[in-house]
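**Student:** Sequence:
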Amino acid sequence: MWIVYYDPLFAYINTASIPLEDRFTTTVNKKKNIWDPSSDRKVEYSLSVQGYLDDTTWVAPSLSALNQLLSMAEDFYKIANIKINKDKYRILTNNASLVNKPVQIQIQGETWTTTTLGRKDCAKILGNYVNVFNNPRPHINKMT
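Following my numbering, the numbering of the sequence shown begins with 1 at its first residue and continues without gaps.
None of these hints come from the bench; they were simulated from the model.
Since we're looking at a predicted model, the values are computed, not measured.
You may find that some hints are simply not true.
[To be verified] No more than 20 Å apart at the CA atoms, straight line, and that leaves these computed lysine-lysine pairs for PhoX-like:
hint, residue 1, residue 2
1, K88, K31
2, K42, K31
3, K86, K124
4, K32, K88
5, K88, K42
6, K32, K42
7, K142, K120
8, K120, K101
9, K42, K30
10, K101, K78
11, K88, K78
12, K83, K101
13, K101, K88
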C-alpha cells in the first residue's frame with residue numbers, strides 16, 4: 001500500500017525543477033564490455049529520495065537543500081494524511097566540521113534540532129549499514 005502513497009512523491013521530487021546545486025549528483029563508469037575498458041562511458045546520476053515501504057532516504061548536498069526537500073515532502077504528507085516520526089530521522093554528513101554536532105532542521109517554519117551521526121557511527125539505510133567515512137568498524141560492531 002505504501003507505493004500508492006509514496007510513488008507520486010518520489011516521482012515528483014526526483015523530477016522537480018530543483019537547481020542542480022541542490023541535488024546530489026555523482027558520476028559513475030558504466031561498463032559496456034568488461035574486456036575493453038575503453039568502451040566504458042561516464043553516466044551522471046542524480047538522486048534526491050529513495051525508499052522502500054516506510055523506509056525513506058533523503059539525499060542532499062547541503063543542509064539548506066535538505067530543508068527544501070523535507071518541506072516539499074511535508075506538503076505531500078499533509079495531503080496523503082501520512083504521519084512521520086521526526087525522532088527517527090538520522091542525519092549523516094561527510095562534512096567533517098558538522099560531524100557529531102547539533103544541526104537545525106527547518107520544515108515549513110517548524111525548527112527542530114538533531115545531532116548528526118559521528119565518524120564511528122552508522123545508519124541503516126534500506127537494510128544496509130552506512131558510514132559516510134567508509135569506516136568498517138561500525139559494521140563489524142553491529143555484527144558482533
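**Student:** Now tell me, hint by hint, if it's right for this structure.
**Tutor:** Each hint tested on the structure:
Simply put, K88 and K31 have alpha-carbon atoms about 38 Å apart, too far for the 20 Å limit, and the pair is violated. For the proposed pair K42 and K31, the alpha carbon gap of about 9 Å is at most 20 Å, so the pair holds. Between the alpha carbons of K86 and K124 the distance comes to roughly 16 Å, so the proposed pair stays at or under 20 Å and holds. Between the alpha carbons of K32 and K88 the distance comes to roughly 40 Å, so the proposed pair goes past 20 Å and is violated.
Only pairs whose Cα atoms come within 20 Å are accepted, and K88 paired with K42 is rejected, the gap being roughly 36 Å. With a CA separation close to 11 Å, the supplied pair K32 and K42 stays within the 20 Å bound. Annotation: proposed proximity of K142 to K120 holds, straight-line Cα distance about 12 Å (limit 20 Å). Between the alpha carbons of K120 and K101 the distance comes to roughly 13 Å, so the proposed pair stays at or under 20 Å and holds.
About 6 Å separates the Cα atoms of K42 and K30, which keeps this hinted pair within 20 Å; it holds. For the proposed pair K101 and K78, the alpha carbon gap of about 30 Å is over 20 Å, so the pair is violated. Between the alpha carbons of K88 and K78 the distance comes to roughly 18 Å, so the proposed pair stays at or under 20 Å and holds. A C-alpha spacing of about 27 Å is found between K83 and K101, which places the hinted pair above 20 Å, so the restraint is violated.
Taken as a hint, the K101 and K88 pair is honoured in the structure, with Cα atoms around 17 Å apart against an allowance of 20 Å.
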